[in-house]
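So the protein sequences, as listed, match chains A and B. To convert, note that position 74 of the first sequence is 73 in numbering that gives the first Met the number 0; the numbers rise steadily by one, no gaps. To convert, note that position 166 of the second sequence is 165 in numbering that gives the first Met the number 0; the numbers rise steadily by one, no gaps.
Worth double-checking, as some hints may not be accurate.
To be verified - Computed footprint of chain A on chain B; a stretch qualifies when at least three of its residues, placed anywhere within it, have a C-beta under 8 Å from a C-beta of chain A: (1) 164–171; (2) 418–427.
To be verified - Only pairs whose alpha carbons sit at most 27 Å apart, straight line, appear in this in silico DSS-like list of lysine-lysine: (3) 140/B <-> 55/A; (4) 283/B <-> 287/A; (5) 158/B <-> 31/A; (6) 282/B <-> 287/A; (7) 106/B <-> 287/A; (8) 284/A <-> 338/B; (9) 118/A <-> 316/B; (10) 158/B <-> 287/A; (11) 104/B <-> 244/B; (12) 104/B <-> 31/A; (13) 22/A <-> 338/B; (14) 33/B <-> 70/B; (15) 316/B <-> 55/A; (16) 55/A <-> 70/B; (17) 22/A <-> 106/B; (18) 22/A <-> 158/B; (19) 284/A <-> 104/B; (20) 22/A <-> 33/B; (21) 5/B <-> 70/B; (22) 201/A <-> 63/B; (23) 5/B <-> 287/A; (24) 140/B <-> 31/A; (25) 282/B <-> 338/B; (26) 283/B <-> 22/A; (27) 158/B <-> 5/B; (28) 284/A <-> 5/B; (29) 141/B <-> 201/A; (30) 332/B <-> 31/A; (31) 316/B <-> 282/B; (32) 31/A <-> 106/B; (33) 104/B <-> 287/A; (34) 165/B <-> 55/A; (35) 22/A <-> 244/B; (36) 284/A <-> 316/B; (37) 165/B <-> 22/A; (38) 256/A <-> 201/A; (39) 63/B <-> 284/A; (40) 283/B <-> 204/B.
Derived by calculation from the structure, the hints in this document are not laboratory data. For every residue, glycine included, the Cβ atom is placed at its ideal position computed from N, Cα and C.
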Amino acid sequence: MIKQELNTVKNDAAPEHWDLVIKPQRNIFDLKLNDIWHYRDLLLLLVRRDFVSFYKQTILGPLWFFMQPLLTTIMFTFVFGRLAGISTDDLPQPLFYLAGITSWNYFADCITKTSTVFKDNASIFGKVYFPRLIMPLSIVFSNLVRFAVQMILFLLVLFYYAFFKGVGFHFTWAIALFPVIIILMAALGLGTGMIISAMTTKYRDLAFLVTFGVQLLMYATTVIYPLSASPEKYRWLIELNPMTAIIETFRYGFLGKGSFSWFSLGYTALVTVVLFFVGVIIFNKVEKNFVDTV
Amino acid sequence: MSIAIKVENLSKAYQLGEIGTGTISRDLERWWAKQRGKEDPYLKVGQENDRTVKGSSDIVWSLKDINFEVKQGDAVGIIGRNGAGKSTLLKILSRVTAPTTGTAKLKGRIASLLEVGTGFHPELTGRENIYLNGAILGMRKKEINRKFDEIVDFAGIEKYIDTPVKRYSSGMYVRLAFAVAAYLESEILIVDEVLAVGDAEFQKKCLGKMGDISAGEGRTILFVSHNMGAVNQLCNSAISLSNGKVNQVGETGKVVSNYLNADGNKDSFIDFRSARLNRSGNKKAEFLNISLHKDGAVTNSRFFSVGDALHIRFTLKVNNANETAIKTSVELKTSDGFKIANMIDTDSGFQVEGNRSDEIVFEVVMKDLRLYPDTYIISLYAGDMSSSETYDYVEDCISFEIIDGGTYTTRRLPRVAGLLYLTPEWTKLKS
Chain A
0 MIKQELNTVK NDAAPEHWDL VIKPQRNIFD LKLNDIWHYR DLLLLLVRRD FVSFYKQTIL
60 GPLWFFMQPL LTTIMFTFVF GRLAGISTDD LPQPLFYLAG ITSWNYFADC ITKTSTVFKD
120 NASIFGKVYF PRLIMPLSIV FSNLVRFAVQ MILFLLVLFY YAFFKGVGFH FTWAIALFPV
180 IIILMAALGL GTGMIISAMT TKYRDLAFLV TFGVQLLMYA TTVIYPLSAS PEKYRWLIEL
240 NPMTAIIETF RYGFLGKGSF SWFSLGYTAL VTVVLFFVGV IIFNKVEKNF VDTV
Chain B
0 MSIAIKVENL SKAYQLGEIG TGTISRDLER WWAKQRGKED PYLKVGQEND RTVKGSSDIV
60 WSLKDINFEV KQGDAVGIIG RNGAGKSTLL KILSRVTAPT TGTAKLKGRI ASLLEVGTGF
120 HPELTGRENI YLNGAILGMR KKEINRKFDE IVDFAGIEKY IDTPVKRYSS GMYVRLAFAV
180 AAYLESEILI VDEVLAVGDA EFQKKCLGKM GDISAGEGRT ILFVSHNMGA VNQLCNSAIS
240 LSNGKVNQVG ETGKVVSNYL NADGNKDSFI DFRSARLNRS GNKKAEFLNI SLHKDGAVTN
300 SRFFSVGDAL HIRFTLKVNN ANETAIKTSV ELKTSDGFKI ANMIDTDSGF QVEGNRSDEI
360 VFEVVMKDLR LYPDTYIISL YAGDMSSSET YDYVEDCISF EIIDGGTYTT RRLPRVAGLL
420 YLTPEWTKLK S
């Protein structure tokens, strides 16, 4: 009897250990990274799901990933290259456009898909808990798979021009920055997308702007024209767009033409880091209660 | 035993009405109040000054200051009427949404099952979906690998494991979905009314499987259900919620019967002189009251199970009617107003009669009730035997409920599946 009492006293004295404490407002800087790490298998499975379900019941399968950039390139070559005669920095037009389209698509897909992540997954989010950040992350990685497939297409076209059209290779050292610009694009798309997604849980208006806005933004980026050919008056505006430096670096690395500058890339990196962290923090803040408002 | 779940002053407020127009200005107002260190002007409902705060009626407290503890290894049923806050509580404990105030502390890994088959993708095969769904529920891949065969076995779909689930029958789909969840490894399992799906046999299997979990593995279970039979069978204690507050915590049988009789005591006896009723007739004879009783019970009740005997007692006062020619009947309706029966005294070989100004008590006993779980409504009629003259017609004067459980019920009886629970004799004539 006495022993028992002693035990209870002991228990009361020791601070109780809880594995999980559910509180109204979590610290917004608590990103629960170890939770995300625990769910890494889910991340992989979601990426797999997106990839597999995309081409299920199709004949061409993953080859469909080629179609969109290929057709867009043909269209751009015809409209901007032939009809409008916009300069392509002396590069073969299809190669020039394809380089821009491939990298722009990755960024655009990341931003548009991420911006509707709450709305698209409301039914899952409303029924089961997992770190919500997994979803936008899975989008970025799924798109990365797609981007990789499209890079193969780009390289095929590049080799075709090098060997059969006598253009030759013009790789520069900047190709080493390729991993960096992928990370920058992913983080930029993810950050901006998350900011938009967090705001659209309450105000749906923004969702209408996204697809349209991204399309407009493409024209303010050096996708269909080189930075060198942009009018002096508006160049600062185009350089203000963080995607410009990324696409210019990409072209400079793979095609040897483009306006590469450390300053622009540094500026892009800075904007990306800021947007990414703001995005993650806002997303984390909204995630807890979005089920009630979406 | 140690405490596995501790809930302290948990509250959750929801905003009523349209969210959209006007929210920006409201958000700004909130932000401004916060900047000045004041309380959120929209969260003040229930306080004394609530009427002076504009727009405060937009907030409703789905849960208000909930406190309870759950011991490790307990299976706890959470019961309550619709809107009592059961689902909100589970949502908060499952971390789907956050509380407005208060905390909940939990020990051990939590698996919550607010729905089966969350995240199933129709294009993926059964195998792929097992992995995906398992991962969504928090399982690691190697964990799923280890249990894969058991899951497939439990669901009984070996043959279709590499077929996309969109080609599954709905039964197969549910079986697979539940099987994944049933093999979740966790110390705490939170289950919403997911057993409402699937066929009877599989439901039994699931209940059995969940029972195994709590008894054998020392797992703590929180179980929400409207099926009192299932709660009784599975849970050793229960929490009854009403209007967002904890009504009672305790041993299952007690809490369940209190819950069922909570508003039964006031409704199972109706005095027509004080009740507002839809009445017609010339009052040559009139009904004074009605009450419902269970077989052998002294007190009133309005909750019955399939197979019970329903005693309907009413008092009739004969004013100036023909004493020996009163036609009396008891009408039975479903909750949606469909007339099921009109039980007339003479049909049963009985004659209602009495001396003038006497108050006579009659009892009508419906033995072996065979109605599906639902609410049923009774009306009383008294009139002239030979004409259509109505003395007194008290429409919808009392209601009773048939609930799950009872001598016959071995499965859940969804009202949509039928009205009459019949158990005819089955024989094999030829083999």
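Against the structure, the hints:
For the stretch 164–171 of chain B, the stated coverage by chain A is not satisfied: 0 residues place a CB nearer than 8 Å to a CB of that chain, which falls below the threshold of 3. Counting residues of the stretch 418–427 of chain B whose C-beta lies closer than 8 Å to any C-beta of chain A gives 0; at least three are required, and the coverage claim is violated. A C-alpha spacing of about 23 Å is found between residue 140/B and residue 55/A, which places the hinted pair at or below 27 Å, so the restraint holds. A distance of roughly 66 Å separates the Cα atoms of residue 283/B and residue 287/A; the hinted pair therefore is violated under the 27 Å criterion.
With a C-alpha separation of about 40 Å, the suggested pair residue 158/B and residue 31/A falls outside the 27 Å cut-off, and the hint is violated. For the given pair, residue 282/B sits about 62 Å from residue 287/A by alpha-carbon distance, which is inconsistent with the 27 Å threshold. Our distance criterion of 27 Å between C-alpha atoms is met by residue 106/B and residue 287/A, whose separation comes to about 21 Å. Restraint check for residue 284/A and residue 338/B: not satisfied, since their Cα atoms lie roughly 54 Å apart, outside the 27 Å limit.
Between residue 118/A and residue 316/B the alpha-carbon distance is near 64 Å, which puts this suggested pair outside the 27 Å criterion. Distance restraint check for residue 158/B and residue 287/A: the Cα-Cα separation of roughly 41 Å exceeds the 27 Å cut-off, and the hinted pair is therefore not satisfied. With a C-alpha separation of about 18 Å, the suggested pairing of residue 104/B with residue 244/B holds against the 27 Å cut-off. As the CA atoms of residue 104/B and residue 31/A are separated by approximately 17 Å, the hinted pair is consistent with the 27 Å bound.
A distance of roughly 51 Å separates the Cα atoms of residue 22/A and residue 338/B; the hinted pair therefore is violated under the 27 Å criterion. At most 27 Å may separate the alpha-carbon atoms for a hinted pair to count; residue 33/B and residue 70/B exceed this at roughly 39 Å. In summary, the hint linking residue 316/B to residue 55/A is not supported, as the alpha carbons are separated by about 76 Å, beyond the 27 Å threshold. Simply put, residue 55/A and residue 70/B have alpha-carbon atoms about 48 Å apart, too far for the 27 Å limit, and the pair is violated.
The straight-line distance between the Cα atoms of residue 22/A and residue 106/B is roughly 15 Å, inside the 27 Å bound, and the hint therefore holds. Among the hinted pairs, residue 22/A with residue 158/B is inconsistent with the structure: their alpha-carbon atoms are about 46 Å apart, more than 27 Å. Note on residue 284/A and residue 104/B: the hinted pairing holds, with a Cα-Cα distance of about 21 Å set against a maximum of 27 Å. Among the hinted pairs, residue 22/A with residue 33/B is consistent with the structure: their alpha-carbon atoms are about 19 Å apart, no more than 27 Å.
As the CA atoms of residue 5/B and residue 70/B are separated by approximately 9 Å, the hinted pair is consistent with the 27 Å bound. Of the supplied pair hints, the one linking residue 201/A and residue 63/B holds, its CA atoms being roughly 25 Å apart against a limit of 27 Å. The straight-line distance between the Cα atoms of residue 5/B and residue 287/A is roughly 20 Å, inside the 27 Å bound, and the hint therefore holds. Among the hinted pairs, residue 140/B with residue 31/A is consistent with the structure: their alpha-carbon atoms are about 20 Å apart, no more than 27 Å.
Between residue 282/B and residue 338/B the CA atoms are separated by roughly 24 Å; this keeps the pair inside 27 Å, and the hint holds. Between residue 283/B and residue 22/A the CA atoms are separated by roughly 66 Å; this puts the pair beyond 27 Å, and the hint is violated. With a C-alpha separation of about 44 Å, the suggested pair residue 158/B and residue 5/B falls outside the 27 Å cut-off, and the hint is violated. A threshold of 27 Å between alpha carbons decides the hint, and for residue 284/A with residue 5/B the separation of about 25 Å falls inside it, so the pair holds.
Taking the CA atoms of residue 141/B and residue 201/A, the gap is about 39 Å. The hint is violated against a cut of 27 Å. For the hint linking residue 332/B to residue 31/A, the alpha-carbon distance of about 56 Å lies beyond 27 Å, and the restraint is violated. Only pairs whose Cα atoms come within 27 Å are accepted, and residue 316/B paired with residue 282/B is accepted, the gap being roughly 9 Å. Of the pairs offered as hints, the one joining residue 31/A and residue 106/B holds, with about 18 Å between alpha carbons and a cut-off of 27 Å not exceeded.
About 17 Å separates the Cα atoms of residue 104/B and residue 287/A, which keeps this hinted pair within 27 Å; it holds. Of the pairs offered as hints, the one joining residue 165/B and residue 55/A holds, with about 12 Å between alpha carbons and a cut-off of 27 Å not exceeded. With a CA separation close to 19 Å, the supplied pair residue 22/A and residue 244/B stays within the 27 Å bound. Between the alpha carbons of residue 284/A and residue 316/B the distance comes to roughly 68 Å, so the proposed pair goes past 27 Å and is violated.
Of the pairs offered as hints, the one joining residue 165/B and residue 22/A is violated, with about 39 Å between alpha carbons and a cut-off of 27 Å exceeded. Between residue 256/A and residue 201/A the CA atoms are separated by roughly 44 Å; this puts the pair beyond 27 Å, and the hint is violated. This hinted pair checks out: residue 63/B and residue 284/A have alpha carbons roughly 23 Å apart, not beyond 27 Å. Between residue 283/B and residue 204/B the alpha-carbon distance is near 59 Å, which puts this suggested pair outside the 27 Å criterion.
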